[in-house]
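**Q** Produce the entire structure from the sequences given, and follow the hints as far as they go.
Sequential numbering of the sequence shown, starting at 713, is according to our numbering.
If you are wondering where the hints come from, they were derived from the structure by calculation, not from laboratory data.
Below, computed lysine-lysine pairings styled on DSS-like, alpha-carbon distance capped at 27 Å:
| hint | residue 1 | residue 2 |
| --- | --- | --- |
| 1 | K984 | K972 |
| 2 | K850 | K873 |
| 3 | K827 | K972 |
| 4 | K857 | K873 |
| 5 | K963 | K984 |
These figures come from a predicted structure and were not determined experimentally.
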Amino acid sequence: MRRKKWFVALLCAVVGITAAACEGNSDDPSTKEVENTQERTQQSERETEEGKAEEVELHILAAASMTDVLTEIADKYEEEHPEITLTFSFDSSGTLQTQIEEGAPADVFISAALKQMNELNEQGLMDEDSIIELLENKVVLIKPKGSELDIASFEDVASDKVTMVAIGNSDVPVGQYTQTIYENLGLWDQIQEKANYATNVRQVLDWVATKNADCGIVYATDAAIEPEVEIISEAPEGSCTPAIYPAGIVKDSEYPEQAKEFMDFLKTDEVKEIFENYQFTYIYSE
Numbered sequence: 713m714r715r716k717k718w719f720v721a722l723l724c725a726v727v728g729i730t731a732a733a734c735e736g737n738s739d740d741p742s743t744k745e746v747e748n749t750q751e752r753t754q755q756s757e758r759e760t761e762e763g764k765a766e767e768v769e770l771h772i773l774a775a776a777s778m779t780d781v782l783t784e785i786a787d788k789y790e791e792e793h794p795e796i797t798l799t800f801s802f803d804s805s806g807t808l809q810t811q812i813e814e815g816a817p818a819d820v821f822i823s824a825a826l827k828q829m830n831e832l833n834e835q836g837l838m839d840e841d842s843i844i845e846l847l848e849n850k851v852v853l854i855k856p857k858g859s860e861l862d863i864a865s866f867e868d869v870a871s872d873k874v875t876m877v878a879i880g881n882s883d884v885p886v887g888q889y890t891q892t893i894y895e896n897l898g899l900w901d902q903i904q905e906k907a908n909y910a911t912n913v914r915q916v917l918d919w920v921a922t923k924n925a926d927c928g929i930v931y932a933t934d935a936a937i938e939p940e941v942e943i944i945s946e947a948p949e950g951s952c953t954p955a956i957y958p959a960g961i962v963k964d965s966e967y968p969e970q971a972k973e974f975m976d977f978l979k980t981d982e983v984k985e986i987f988e989n990y991q992f993t994y995i996y997s998e
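**A** Structure representation (structure tokens):
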């Protein structure tokens, strides 16, 4: 009996010592420091994750005549917004309109004419409240630099001095302006007989610059960036409506907030100066 009691007492003592040892370890400064370090690391990771800006790719569909100016604007915007990547599709406004109608990725649309923007808006494909009239351009007649072509006006293109004139096709705004100009001058039939139709304004510019056409009709901003062409004349006053460039947010934009931020950037004095450096007339006002 005494042996049994002794064994029980010994067992209790061992348990007590073990418990005390465990309790002592929990208060060990080195153990606590490890736990605190782990906690701080986890907290820092959580804060970093929460504070990290979302990386976003914005798809900007813009008229081909805006290629150079928007490339410069994009460089400045991405410097200030490193989390944003601007991906551009440059083409005729009619082609871009079709892409939006068919559901291509698009966040912002900038057209070279009101027609395409208005048609998309009527279909409910644009955020109507976001649409602004941003820029105005001039329609001009050009020829290759150094060309001896002896013409001085849009009317002269209809004469036998010109064998081929490069113009935009019917879904290209500059082509639509060209047709309107010549219909108002009563010369559209003669122009059609010698016209070579391009899919966008930059193709017209290239054909003239490489002397594959006697002359062509583009925007003043295109002529300004191509050293191998020279301007002959601006479109006769009143022969066509102003070449207005509207901009707006596509209703199905995946990133409407970031699209709005980019639109707001287009309204700044900094961007206005860039547009004007490329010979656009900046017409947006609050």
